[in-house]
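**Q** When we follow numbering that gives the first Met the number 0, the leftmost residue of the sequence shown carries the number 0, and every step to the right adds one.
Calculated directly from the structure, the hints in this document are not laboratory data.
Careful: at least some of the hints might be erroneous.
[As the list claims (entries may be wrong)] Under the rule of at most 20 Å between Cα atoms (straight-line distance), these lysine to aspartate or glutamate pairs were calculated in the EDC-like manner:
1. K142 x E17
2. K10 x D38
3. K142 x D80
4. K58 x E186
5. K157 x D138
6. K52 x E97
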Amino acid sequence: MLRLLTRLLWKLSGWHIESLPPRSGKFILLIAPHTSNWDFVVLYLLKESQGFKAAWMGKHTLFNIPILGCFFRWTGGIPIDRTASQNTVSVMTARFSETSNLMLTLAPEGRRRHAPHWRSGFYRIARAAQVPLCLGYMDYPSKSVGFSPLIHLSGALKDDMNQIRAFYEGKRGKRPQNAAPIRLRDETTI
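Using the sequences and the hints, build the whole thing.
**A** Take a look at the structure:
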């Protein structure tokens, strides 16, 4: 019933799918640009209408809110405590090693407002867990979504980031002024 409803809503939304990510396996799905709360709605409709099982990380305090916390877990949310005593990379690396099927969806910008650079967590997790990336976009002007084939990071950070930049060239979020430049704080070392 939910899939039928989300398929109908997807059709009514006017968005179209140019390509889809793999349906199974272990990988990190990067979504960029992430400039609006509407991104969650678009991705949720896509996920449910296509029957994907995707996970995402969220601030642990969001999961403590009654009803909303249950909804977040139901949609694939993984609560993350980002205090100094926790290590998100280690937690997610362990999560990948415990399963044979995990599509972890991340927004490398880390926020919906403008940031000076992307966060490097996706790169650190992918390298530590030895999982590939799938690059995904929502291009609001064309109302299209699409995904790359799986990309196995080489460890040559600058080359890997150049490949990522090339994929996202020309893709625009709902609020383009909020998009972060596709670069890490320090692209010489991770």
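**Q** For each hint given before, does the structure comply? Return the numbers of the non-compliant ones in rising order.
**A** 3, 4, 5
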